[in-house]
Amino acid sequence: MHDDAGKPESTTPDKTTAASLKRKAAKLSKDAVSIAGKTATLVGDLNGDGKVDEEDAKIARDHVASALSAGAEEAGKLAKSVARTPLTKDVASYAAIGAAIAIPLPVVGPAIGAAVGAGFGLFRNMKRTPQDAQEVSEPSADPLAELERLHTLKEKGILTDEEFLAQKRKLLK
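Start counting the sequence shown at 103; every next residue gets the next number (the numbering used here).
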């Protein structure tokens, strides 16, 4: 825009407008700080006493410790169940054999030998039949429960009558 003399008009606000804007900005800033403080209190006040203090920190720490403990327990259970699988047993045993065989070979070394052995263990596990997997699984401590499990496998057609009888004889010895 231009004034009557053809000069560009000033785009700066007058002093009263600038002062008014500063006051509004200061108020907004103060309100934002107040809202942030109230929000922090609402979120952080775990015991409901209206303030965030050491007691709230202790409650939060206890919750975190409890959650970590539960997570670690679940991870342990998962690790144990994975360690009991035939796949894990095959891979681990073949990796150990591969590492032991490769120790005297300077070019190969135990790490590569273990990797190759683990591959053979994986391959062996993939070629396993359901009956082979049955033989690898740990026997139940309760012979009656084991016999019932074998019967269920026979009923499902996983075991033949001969396989069932052979397993039954082995179990009752």
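Note that these hints are calculated values from the structure, not bench results. Take these hints with a grain of salt, some might be off.
Restraint ranges, calculated between C-beta atoms of paired labels, are given here [said to hold, decoys possible]: (1) 171 x 268: 41 to 47 Å; (2) 140 x 170: 39 to 45 Å; (3) 260 x 145: 36 to 42 Å; (4) 160 x 205: 52 to 58 Å; (5) 171 x 264: 47 to 53 Å; (6) 224 x 176: 22 to 28 Å; (7) 140 x 213: 35 to 41 Å; (8) 168 x 144: 40 to 46 Å; (9) 176 x 271: 36 to 42 Å.
Backbone N, C-alpha and C define an ideal beta-carbon position, used for all residues, glycine too.
Checklist line | Range hint 36 to 42 Å (beta carbons of residue 176 and residue 271) holds or violated | finding: holds, 40 Å
Next item on the list: Go ahead and decide if the range 36 to 42 Å is satisfied by the Cβ distance of residue 260 to residue 145.
Entry: Violated, since residue 260 and residue 145 (Cβ atoms, about 55 Å apart) do not stay within the stated range.
Notebook entry, point to check: Within 35 to 41 Å or not, the Cβ separation of residue 140 and residue 213?
Noted result: violated, 58 Å
Notebook entry, point to check: If you check the beta carbons of residue 171 and residue 268, does the distance land in 41 to 47 Å?
Noted result: 46 Å Cβ-Cβ, so the 41 to 47 Å window holds.
Next item on the list: For residue 168 and residue 144, compare the CB-CB distance with the range 40 to 46 Å and indicate the outcome.
Entry: violated, 22 Å
Item checked: Whether the CB-CB distance between residue 171 and residue 264 falls inside 47 to 53 Å -> Between residue 171 and residue 264, where Cβ atoms are some 49 Å apart, the hint holds.
Notebook entry, point to check: That 39 to 45 Å hint for residue 140 and residue 170 (C-beta), does it hold up?
Noted result: Because 30 Å falls outside the window, the suggested range is violated.
Check: Has the hinted range 52 to 58 Å been met by the Cβ atoms of residue 160 and residue 205?
Finding: holds, 53 Å
Check: How does the Cβ-Cβ distance of residue 224 and residue 176 compare with 22 to 28 Å: does it lie in that range?
Finding: Cβ of residue 224 to Cβ of residue 176: about 26 Å, so the range 22 to 28 Å holds.
Violated hints, listed in ascending order, are 2, 3, 7 and 8; each of the other numbered hints is respected by the structure.
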